[in-house]
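Protein chains in written order, with this note's numbering: chain A, 4 to 390; chain B, 205 to 660.
If you are wondering where the hints come from, they were derived from the structure by calculation, not from laboratory data. Incorrect hints may appear among the rest.
Derived pair list, reagent style EDC-like, types lysine to aspartate or glutamate, alpha-carbon separation capped at 20 angstroms [as the list claims (entries may be wrong)]: (1) B:Lys398 to A:Glu283; (2) B:Lys401 to A:Asp137; (3) A:Lys58 to B:Glu422; (4) A:Lys53 to B:Glu422.
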Amino acid sequence: MSTNKLFGITALFNTPDELVHAAAKVNELGYKNYDVHTPYPLHGMDSVMKLKPSKLGYITLSFGLSGAAFALLFMYWAMSLDYPMIIGGKPFFALPAFVPITFEVTVLFATLATVIGMLAFYFKFPSNSHPLHDTPYMKAVSGDKYGVCIEADDKIFDSEKVKALFNELHAKEISEVFYPAIEVANIFEPKFITLLVLIGLLTSGATYVTLNKLIYMTPFDWMMNQNKVNAQSKSLFYADGFGMRKPVDGTVARNFIPYEYKGLAAPVVPLSNPLTPTNEVLNLGKKRFLTFCSPCHGNFGDGDSRLRGQFPNPPSLHSEKVRGWLDGNIYHVIVNGQNVMPSYSSQLSRDERWAVIHYIRALQKAKNASPLEILEAKKETSSNVAP
Amino acid sequence: MNIDYSQELPVIEGRITLADIDRLIAKPLDEKPDRKFFIALSITLTLLLIGAISVTYLFFNGTGVWGLNQPVGWAFDITNFVFWVGIGHAGTLISAVLYLLRQKWRTGIARFAEAMTIFAVMCAGIFPIIHTGRPWLAGYLTPYPNQHGLWVNFTSPLVWDVFAVSTYFTVSLVFWYVGLIPDFGVLRDRTASKLKKVIYSVFSLGWRNSHRNWQHYEKAYMLLAGFATPLVLSVHTIVSFDFAVSIIPGWHTTIFPPYFVAGAIFSGFAMVVTVLIFVRKVFDLQEIITLNHLEKMNKIILVTGSMVGYAYGMEFFIAWYSGNPFEQFVFINRAFGPYAWAYWIMVSCNVIIPQLFWFKKIRRTIPAMLVIVIFVNVGMWFERFVITVTSLHRDFLPSSWGYFIPTIVDIGTLIGSFGLFFTLVLLFTKTLPVVAMSEIKAVAEGAQPSHHGGDH
Chain A
4 MSTNKLFGIT ALFNTPDELV HAAAKVNELG YKNYDVHTPY PLHGMDSVMK
54 LKPSKLGYIT LSFGLSGAAF ALLFMYWAMS LDYPMIIGGK PFFALPAFVP
104 ITFEVTVLFA TLATVIGMLA FYFKFPSNSH PLHDTPYMKA VSGDKYGVCI
154 EADDKIFDSE KVKALFNELH AKEISEVFYP AIEVANIFEP KFITLLVLIG
204 LLTSGATYVT LNKLIYMTPF DWMMNQNKVN AQSKSLFYAD GFGMRKPVDG
254 TVARNFIPYE YKGLAAPVVP LSNPLTPTNE VLNLGKKRFL TFCSPCHGNF
304 GDGDSRLRGQ FPNPPSLHSE KVRGWLDGNI YHVIVNGQNV MPSYSSQLSR
354 DERWAVIHYI RALQKAKNAS PLEILEAKKE TSSNVAP
Chain B
205 MNIDYSQELP VIEGRITLAD IDRLIAKPLD EKPDRKFFIA LSITLTLLLI
255 GAISVTYLFF NGTGVWGLNQ PVGWAFDITN FVFWVGIGHA GTLISAVLYL
305 LRQKWRTGIA RFAEAMTIFA VMCAGIFPII HTGRPWLAGY LTPYPNQHGL
355 WVNFTSPLVW DVFAVSTYFT VSLVFWYVGL IPDFGVLRDR TASKLKKVIY
405 SVFSLGWRNS HRNWQHYEKA YMLLAGFATP LVLSVHTIVS FDFAVSIIPG
455 WHTTIFPPYF VAGAIFSGFA MVVTVLIFVR KVFDLQEIIT LNHLEKMNKI
505 ILVTGSMVGY AYGMEFFIAW YSGNPFEQFV FINRAFGPYA WAYWIMVSCN
555 VIIPQLFWFK KIRRTIPAML VIVIFVNVGM WFERFVITVT SLHRDFLPSS
605 WGYFIPTIVD IGTLIGSFGL FFTLVLLFTK TLPVVAMSEI KAVAEGAQPS
655 HHGGDH
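So that you can see chain A by itself, here it is in the shape it has in the complex (with noise of 0.2 angstroms):
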């Protein structure tokens, strides 16, 4: 299985000071392509190599500056510019508190890549194809022999003069290593195919099982599934057996304090608007007025109902009986209702009834002015403007 290239020739010797007599020959004789081998580190023989020192460190060094910076770089941004937040009355840069996590990933990035470096770098690992393995010599010298093995490929190299150079240094055993045969793998291998349609397989199998079964199952789901009546469920509680139960009577809701005067057909003592006409509280009923009562009393309350006779159209509110009611009376006919407009007690709060109510006022005032305010509220306006 090995083809007649020459890798190299190796010398085995029995005793740690053969070895490094023979290496301080070898290196003396001029020889650069050439490796000792050991079943362990021999002191000293980086001397006797003549080998410059490891610049691995030059490695561990920048990889862990960089993982510093990474780290303080990365928590200050995080916590000071993408998403500031004080916590515990700490400053966003709490250099302090950034120390424990910096030093980490210094570690952390250092060390990977030291070994990262020294494997994938220095000894171009994985290669378990090299020809030195599997030979009696490899298994000598990673058990109790100790080796040196000079390469075909150094300038000086002649297989003769090597060899006569081992014996000399009384090798207990002289051997030639070649390169074996380059195996070839045919991917198309039914064997190899099976395998791949069955990882295929098995991959998107877990994955739909993951996705459409196992996350909706116990104890996947979250606590969904909890011993509580939901609203919807049935209760075995109760005799009707709803989940979900009605108020108890009399149960006020929040911001919905129950009308005085309901269901008579008009206020004994109306009411008056609590609410200033302030800028907001126009906008707030205008919107809500938009919303609730334009479809029929049209959006300026001319009562041009925009569903086109789907529905009775409703009174105008530009009307003089209408004009002349007190605040309180319109209060009335929004929570009450009148005729087929239903009561609007549930849709709109307390003020918002009163908010609406200045927005019609406004409305009303805006469509029957008389010239003189309009003169006098071009004054006002006009007073702003530029001379």
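Using the hints, position chain B against chain A.
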């Protein structure tokens, strides 16, 4: 580098050859597991099953099945978490700190202690994840860009904890694996089984014992040890911040970080000794894990136990010296209140019993040390229990005082964590070399060149 080790005791007892070392360490891996192994495994798997049932029951019903409730909102979960993280610290201390201090005796026990670190951190990691009752939500602890535009609170000790423990686990695992690479190479070249060869080849990544690799490897190992040392101190410091950063009397103490680190080393060494006593006997490793190793670890237990005892005393002193009535109440309540039984178990197991290690005879007698280290393990579990529960159960409002009683689910989960730990330890002894082969060979007698003669 040029330290004379000639005055030290030999690391390996007797004169065993390098080939014998390989054979001895690889023996449990080469042979089929025997009956004793299966009996041991069935016991630990039973414990693990109890834990699995407890945890499943918890997931279905929520944390109401545990005994904790106001005012004791933290109980067994955090106690077990701190306990297991602490156990893990001995491994890193042995593998990293003793490496930097050039303590050659560490080689015999480093691999095993590192493995225990990883398993203990795994046991610890369970508790923060399950204590919400909804473990799949633990993902929210990682800062990832989400639709809410929110980030985790980087100023919270609980988030520091997530970073510290996950970094610690990752770094320990990487450190352990780096140490294992040459051993995978040895196993790959030793094994006759085809399947094992494939597995070992994959994990060895193609290791070739080349000195050009050893050079960088040693450098990397030193760098990793250099990082693991401050890391191990930071992890238990940050775990102690979970308590110390709060304002609960009994937790809000500046002594917590060093006190927790000392306690962690103390409990971790006790656990390592407990397990090693059995491992060296069962796998015939008495020559590699010698009585000297155990004695040295017992000395460390004595030192750290006394440090922990000092911390107990100092807490009381500061409670008095601070003049803070709440602080004083908590400590008097701790020693003489409803949980006095737990407090005195803690003091006797952690401070009084380890004092027996002053006697050399006890340090070197296996049954005696086994009893003492088991007491230490019990005592250190109770230390965390005392810190957590006694500080919480009587808070500022006497109307909300309570008494925590664990439920059967609490206890089942604790038992389960021991089951997980020992199951992993047992599987480890049968799948990986429990002693670093390449490291122990390097410290054998005559393993290093004498550098006499020649011109180098």
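Hints, verified against the model:
Taking the CA atoms of Lys398 of chain B and Glu283 of chain A, the gap is about 86 angstroms. The hint is violated against a cut of 20 angstroms. A threshold of 20 angstroms between alpha carbons decides the hint, and for Lys401 of chain B with Asp137 of chain A the separation of about 10 angstroms falls inside it, so the pair holds. Between Lys58 of chain A and Glu422 of chain B, the direct Cα distance comes to roughly 12 angstroms. Compliance with the 20 angstroms bound is thereby established for this hinted pair. For the hint pairing Lys53 of chain A with Glu422 of chain B, the CA-to-CA distance comes to about 16 angstroms; that is within 20 angstroms, so the pair holds.
In the structure shown, a violation is registered for the earlier hint numbered 1 alone.
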